[in-house]
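With chain B's structure known, arrange chain A on it following the hints.
Protein chains in written order, with our numbering: chain B, 24 to 193; chain A, 4 to 289.
Please note: incorrect hints may appear among the correct ones.
Claimed, not checked - In the DSSO-like style, the derived pairs of lysine-lysine whose C-alpha atoms are separated by at most 30 angstroms in a straight line are:
| no. | chain 1 | residue 1 | chain 2 | residue 2 |
| --- | --- | --- | --- | --- |
| 1 | A | Lys260 | B | Lys58 |
| 2 | A | Lys250 | A | Lys260 |
| 3 | A | Lys57 | B | Lys58 |
| 4 | A | Lys78 | A | Lys250 |
| 5 | A | Lys260 | A | Lys57 |
| 6 | A | Lys78 | A | Lys57 |
| 7 | B | Lys58 | A | Lys269 |
| 8 | A | Lys78 | B | Lys58 |
Since the hints were made in silico from the structure, they are not lab data.
Residue strings, one per chain:
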Amino acid sequence: MQTKKRHPWIALINVLLFFTVFIIHYTDIIDISIKNANPLIILPLITAFSMFSQPGAAAAAGLAAGVLMDSSASGAICFNAIVIMLSAVFVSVCSNNLFNRNIRSAVMLSVLISLIYFLLRWIIFYAFRTGAHDNLTYILSYAFPSILYTNLFIFPFYFLYRYFDKRINS
Amino acid sequence: MRFFFRSRQFKIILAVTAALIAVSAACIIAGGRMSPQSDILGTITAPFRSLATKISNGVSEFVAIYTEGEELSLKNAELESEIAELRKKLADYEQVTSENEFYKDYLEIKDSNPSFRFAAATLISRDKEDPNMGFVINKGTVSGISANDPVITDAGLVGFVSEAGLTTSKVVTILSAELTAGALDNRTNDSGILSGSVELAADGLTKFYNLSRSCNIAVGDYVVTSGEGIFPAGLLIGTIQSIGSDKYNTSIYADIKPFVNFEELKSVMVITDFEGQGGLMPENGG
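Only chain B is shown next, with the shape it has when bound in the complex:
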């Protein structure tokens, strides 16, 4: 039978990691964008975290990350809080009940979450506000490259959280 140890340093690393990712995304401290492709690193981070967490913890982390994003993202009252929280719960429930916690599942879930996020963002903030040409520009020049770039970050986050999971369950 596995025994779960308390690891306060893992909780501390989690908080620091989420906060660092937020600072990187919303300030100019490090510019990791390539032309119009701006990776939303918080999505693979929340995916990897939720894969190894219970739905309640995933929801709490998603809610905190989403509210933090709402404080800086333009035109988004509670949008990020709702979407990120529900995404985190979805990932957690899926990985607890449907999928193995392997890298293939992580990539699949991360792609799915980022697709849903950018699709919702497009529907709510662009689809009905701008013309067809602008919509196409947003999807092809901003959303699509950003989705591709975002999902590259699932690899380090997945292996980090798998390591944490092993330490917790050892």
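Coordinates of chain A only, in the frame set by chain B:
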């Protein structure tokens, strides 16, 4: 999985989602208010974001000393030849001065608009997902800032405050389609509507449209706010870069290159009060 959907956890998550939707609806109805939870977290994290921005600016300046050294020496040579040319032009100074009187009102914004009240603010974060370069400033309702307040720099119009929190505010730039305001050609007085688009924002441009076919606008003309909408009249917007004909109606449009460099923006001024604030909006909204 069905155990999860029957669990207390699931009910709590549903309740939180419903509460967030309700808060979101309330904020939309109230107009221009930041959601309370974002406001609180925004206030708590503002010093960290401010610090990160300061570090970022410091590092950029430090790196620039080394990476741009060669570029700077070339630029210096260029500038020296420019100075020589300018010395010749100094002879025409008197004539230029009289012409400049015309533009003076626009350049010395504060002197010519005594009713303006300003709040100086610094950028603390940018929304990198926003193609229109929206950002967050370190001042909010505590400093007298409210939704729809115009945001400017000494170069010209930046945008407006879309959401005002206690100590932070979100700014929508003139590159955004969310903004619609009356504008006019400074030389010909031809009036139209200013609004952005995602496609133009990629090139750092915005659109001046709904112009009559008989108008006399030309490339290089200055465009200023007309006073229709949320902005006071006479704020510099940018120069006309190209002129085109609208496909769907008889009007023409122009692409505007804003005077403000949004990528280099570090601090701004918010006009918290001016004569005629809250006046008529342009026909297309805004």
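Status of the hints after comparison with the structure:
For the proposed pair lysine 260(A) and lysine 58(B), the alpha carbon gap of about 20 angstroms is at most 30 angstroms, so the pair holds. Of the pairs offered as hints, the one joining lysine 250(A) and lysine 260(A) holds, with about 22 angstroms between alpha carbons and a cut-off of 30 angstroms not exceeded. As the CA atoms of lysine 57(A) and lysine 58(B) are separated by approximately 24 angstroms, the hinted pair is consistent with the 30 angstroms bound. Restraint check: the Cα-Cα separation between lysine 78(A) and lysine 250(A) comes to about 43 angstroms, which exceeds 30 angstroms; the hinted pair is violated.
About 28 angstroms separates the Cα atoms of lysine 260(A) and lysine 57(A), which keeps this hinted pair within 30 angstroms; it holds. A C-alpha spacing of about 27 angstroms is found between lysine 78(A) and lysine 57(A), which places the hinted pair at or below 30 angstroms, so the restraint holds. Among the hinted pairs, lysine 58(B) with lysine 269(A) is consistent with the structure: their alpha-carbon atoms are about 21 angstroms apart, no more than 30 angstroms. Between lysine 78(A) and lysine 58(B) the alpha-carbon distance is near 26 angstroms, which keeps this suggested pair within the 30 angstroms criterion.
Consistency note: the structure conflicts with earlier hint 4 alone.
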